[in-house]
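*Asks:* Below are the chains, spelled out letter by letter.
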Amino acid sequence: MDWTAALEAQPAVQALRASRWVYPVVNAGHILGSALLVGAIVPMDLRLLRGDARPFQMLRPFAIAGLCLAALCGVMLFAVQAEDYAANSWFRVKMALLALAVANAVAHLRLLDRPAPRQRVAAGLSLVLWLTILFCGRMIAYS
Amino acid sequence: MTLTRRVFTLTLPALLLAGPAVAHHGWRWTDEGKFELTGVITEANLGNPHGVLTIDAEGETWEAEVGQPWRNDNAGLTDEMLAPGTEIKIIGKRSANAEERLVKAEAVEIDGEMYVLYPDRM
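Each protein sequence line maps, in turn, to chains A and B. Each step along the first sequence adds one to the number in the numbering used here, with nothing skipped, and position 10 is 10. All you need for the numbering used here is the position in the second sequence, starting with 1, plus 1000.
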């Protein structure tokens, strides 16, 4: 059996697929996580592009918490229809961009010690990547 | 704030220009007339987030949107009853787009028995 089919067949995944309330709650959790993540990333990146971002660094834990929540709920949503999502082009592009965006963030953990032009490139890249990921995620439902 | 404004003017249209929906909320997208479809279930994709049956109706392939698990459950339908091979009559509304072979079920009939998904619409 294909790994996606095996994942869908797990009893916990079957229960989620048949649930009345848990699935919508997980779905809402994915939205909340995405909102926290993008809501923290956009002001941080815009501030970095314009100049001193130091006061906005307090948003970073919110971005990380949002990413963790979105990823956790996202894995659960994926499991319910793993075979379909794994074959979905928007989903595949989203996962590839997600890997790039996380790599970009990890590579720039100490961004404020870097020269200003480097900061702006990283911030611009981050902004474009996360907003594109948001859009790809939404498009999965329309394909 | 010009940069902020520029970012929003560039991204907002992209977010709003979403394509045609695959699973449908409500009934605004359907034709108003009553529609019935009888055929044999060839594929059943049930459970969250959407329940969709593929139905062979005299050689034509149709998609029928049924309920989420709780709605099917309330109607008295089990996944076993909606399994491939079952002969089923869908009573509902078809897509207003005549090119789509798509119907959203308000009720279904199996073996002469009616199962109502949307009691307030019947």
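Think of the hints as simulated: they come from the structure by calculation, not from any bench. These numbers come from a predicted model, not from an experiment. Treat the hints with care, since some could be wrong.
What the hints assert, rightly or not - Here are a few chain A residues that face chain B, going by a calculated C-beta distance under 8 Å:
| id | residue |
| --- | --- |
| 1 | Arg60 |
| 2 | Pro61 |
| 3 | Arg110 |
As the list claims (entries may be wrong) - Label-pair restraints from in silico Cβ distances:
| id | chain 1 | residue 1 | chain 2 | residue 2 | range |
| --- | --- | --- | --- | --- | --- |
| 4 | A | Leu125 | B | Glu1109 | 28 to 34 Å |
| 5 | A | Asp2 | B | His1025 | 29 to 35 Å |
| 6 | B | Gly1026 | A | Ala28 | 37 to 43 Å |
| 7 | B | Gly1112 | A | Pro24 | 39 to 45 Å |
| 8 | A | Met95 | B | His1025 | 46 to 52 Å |
| 9 | B | Gly1033 | A | Ser89 | 34 to 40 Å |
| 10 | A | Arg60 | B | Asp1031 | 25 to 31 Å |
| 11 | B | Pro1084 | A | Gln14 | 14 to 20 Å |
| 12 | B | Asp1056 | A | Ala65 | 44 to 50 Å |
| 13 | B | Glu1036 | A | Ala86 | 19 to 25 Å |
| 14 | B | His1024 | A | Pro11 | 29 to 35 Å |
| 15 | A | Pro61 | B | Gly1033 | 52 to 58 Å |
| 16 | B | Ala1083 | A | Ala65 | 39 to 45 Å |
For every residue, glycine included, the Cβ atom is placed at its ideal position computed from N, Cα and C.
*Asks:* Each hint needs a verdict: does it hold in this structure or not?
*Replies:* Each hint tested on the structure:
1. Arg60: With Cβ-Cβ at 20 Å, over 8 Å, it is violated.
2. Pro61: Cβ of A/Pro61 sits 23 Å from chain B, so the hint is violated.
3. Arg110: Constraint on A/Arg110 not satisfied, violated at 24 Å.
4. A/Leu125 - B/Glu1109: 28 to 34 Å: Violated, at about 56 Å.
5. A/Asp2 - B/His1025: 29 to 35 Å: 31 Å, holds
6. B/Gly1026 - A/Ala28: 37 to 43 Å: The hinted range 37 to 43 Å is violated for B/Gly1026 and A/Ala28, with Cβ atoms some 20 Å apart.
7. B/Gly1112 - A/Pro24: 39 to 45 Å: Cβ of B/Gly1112 to Cβ of A/Pro24: about 34 Å, so the range 39 to 45 Å is violated.
8. A/Met95 - B/His1025: 46 to 52 Å: 27 Å, violated
9. B/Gly1033 - A/Ser89: 34 to 40 Å: 36 Å, holds
10. A/Arg60 - B/Asp1031: 25 to 31 Å: 52 Å, violated
11. B/Pro1084 - A/Gln14: 14 to 20 Å: Cβ of B/Pro1084 to Cβ of A/Gln14: about 18 Å, so the range 14 to 20 Å holds.
12. B/Asp1056 - A/Ala65: 44 to 50 Å: 49 Å, holds
13. B/Glu1036 - A/Ala86: 19 to 25 Å: Because 36 Å falls outside the window, the suggested range is violated.
14. B/His1024 - A/Pro11: 29 to 35 Å: For A/Pro11 against B/His1024, whose Cβ atoms are near 30 Å apart, the range 29 to 35 Å holds.
15. A/Pro61 - B/Gly1033: 52 to 58 Å: 56 Å, holds
16. B/Ala1083 - A/Ala65: 39 to 45 Å: 43 Å, holds
Of the numbered hints given earlier, the model fails hints 1, 2, 3, 4, 6, 7, 8, 10 and 13; all others are met.
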